[in-house]
Each structure stands twice: as C-alpha cells, then as structure tokens.
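Participant: Listed below are the residues making up each chain.
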Amino acid sequence: SQELEQSPQSLIVQEGKNLTINCTSSKTLYGLYWYKQKYGEGLIFLMMLQKGGEEKSHEKITAKLDEKKQQSSLHITASQPSHAGIYLCGADIRTYKYIFGTGTRLKVLA
Amino acid sequence: ETGVTQTPRHLVMGMTNKKSLKCEQHLGHNAMYWYKQSAKKPLELMFVYNFKEQTENNSVPSRFSPECPNSSHLFLHLHTLQPEDSALYLCASSTRGLADGNEQFFGPGTRLTVL
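Residue numbers (my numbering), protein chains in the order written: chain A, 138 to 247; chain B, 14 to 128.
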C-alpha cells in the first residue's frame, strides 16, 4: 500500500458544485503540501500545512490538516473548469523523506 | 511560471543513446531535486542536492547520473536507458533541503520516451 493515500482517484463534477479530496498517511505528517498539476506539466504549489488543526484558504480552495496530523482534506467551493487537473498531496514524514500521493484527477463539466 | 525551467520539454531516445536533461532555477534556492513521474504511480524522488552536495540517492540505477555544478543548475545524464524509464522527469528546487516547512517549486518537466 502507498504511504500517502489519496481519495478519490478521480472525480467528475458539474461546474458550481463543491468537492473534497482527501490525503491520508499512516505516519505523522510534519509538513503537508498540496499541489496542482496539469497533464504532462510541472506541479504548482497551492498550500502548505504544518500544525494540527491548521486551515488555509486561497480563493475557492481550502485545505485543512487534522488534529492528529495524519490526514488532510482539500475542499473546492463552487468548482469551475479552471479547477480541472491533478491534485497531489506531498508530505514530510520526518525521515528526511519527501513523499507524494498518487494524485486525484479532477474534471469539471461546464 | 514557477522560476524553474527545464530543457528539453520532450525527448525521444534509443536505448544506446546518451542524453542529458537540464534544469535551472532563478529563485536563489539552495536545494534541487530530480523526480520521476510514471503513469499511475506516485512521484518518485530520485536525487537531492543541497548546496551542490548530493544528499539523497533513492536507489536509482547507475544509468541515471546527476550533476550539480552550482546551486542554480542541475543535470541528469542518461545512458543505456530501458523502455520502462520512459516517464515525465521533474526538477524542483527549495530554499533548504528536505526539512520542515520547505515547499518545493517544480519545473514543467521533460517527457522522456525510450524506444
């Protein structure tokens, strides 16, 4: 199994709908990063979370790290076609190892 | 535009060829990374350089050879690759090496196809 599990693997939503992507680790997360990737391109940094219970927002995207620091969620409000892409979570797990989830592929239907 | 550039963007090579991937960052960062992204697999960290010194080599085959002549440039030299090495190779940089609170900035990647 993966060290960092993302769910769902893919998601198709109608424009205007809200959605949530989850990232779960079996180990304590000392830094959790959300990235967005368009197919075949590099990753764009979205947000970084470090403290348990921390929540950050940027435009219509909100990310939260749970109190136990083993799960993070990314929530998009009123989705738009521009939100389409692959969302990846990455994490520091304190062994100086930086790992990534397998990604969630989001499609937003106009 | 993230401040990290990669060339070439696409590369097709035979198994006996030798080629190099180049990465350059304009962010004043001290750490640079090579990642491999294959279909339906998590991003795999290959190499880490911190202040031009290699600090990580994640059991990468010797047919991949990194070079970091200065903090702004990173190369990945390729020779006698296999078809399964076909993937998107991403370069990233960060202020420090692998440490807390240290987000990475990624280049657009080089799509490599090995025939």
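Fair warning: there could be bad hints in the mix.
Example chain A residues on the side facing chain B (calculated, C-beta under 8 Å, incomplete) [claimed, not checked]:
no. : residue
1   : Leu148
2   : Ile149
3   : Val150
4   : Tyr170
5   : Glu178
6   : Gly179
7   : Phe182
8   : His220
9   : Ala221
10  : Ile223
11  : Tyr235
12  : Phe237
13  : Gly238
14  : Leu246
FYI, nobody ran anything at the bench for these hints, they're computed from the structure. Built from N, CA and C at the ideal position, the CB exists for glycine as well.
Participant: If a hint holds in the structure, say so; if it does not, say that too.
Facilitator: Status of each hint after checking the structure:
Contact between A:Leu148 and chain B, as hinted, is not supported at the beta carbon level, the nearest pair being about 16 Å apart and thus beyond 8 Å. Violation of the interface hint for A:Ile149 is found here, the shortest Cβ-Cβ separation to chain B being roughly 18 Å, above the 8 Å cut-off. Proximity of A:Val150 to chain B is violated relative to the hint, the smallest CB-CB distance being about 22 Å (cut-off 8 Å). Interface hint at A:Tyr170: satisfied, since its Cβ lies 6 Å from the closest Cβ of chain B, which is below the 8 Å cut-off.
The interface hint given for A:Glu178 holds, since its Cβ lies 5 Å from the closest Cβ of chain B, which is under the 8 Å cut-off. Interface hint status for A:Gly179: upheld, as the beta-carbon distance to the closest one in chain B is roughly 4 Å, under 8 Å. Interface restraint check: A:Phe182 against chain B, minimum CB-CB distance 5 Å, threshold 8 Å, status holds. Interface hint status for A:His220: violated, as the beta-carbon distance to the closest one in chain B is roughly 19 Å, over 8 Å.
Because the beta carbon of A:Ala221 sits about 18 Å from the nearest beta carbon in chain B, more than 8 Å, this interface hint is broken. Evaluation of the A:Ile223 hint against chain B yields a violated restraint, the C-beta minimum of about 10 Å exceeding 8 Å. Interface restraint check: A:Tyr235 against chain B, minimum CB-CB distance 5 Å, threshold 8 Å, status holds. Restraint check, A:Phe237 versus chain B: the minimum CB separation of about 4 Å is within 8 Å; hint holds.
For the restraint placing A:Gly238 at the interface with chain B, the shortest Cβ-Cβ distance is roughly 6 Å, inside the 8 Å limit, so the hint holds. Interface hint status for A:Leu246: violated, as the beta-carbon distance to the closest one in chain B is roughly 23 Å, over 8 Å.
Going through the hint list in order, the structure does not satisfy hints 1, 2, 3, 8, 9, 10, 14.
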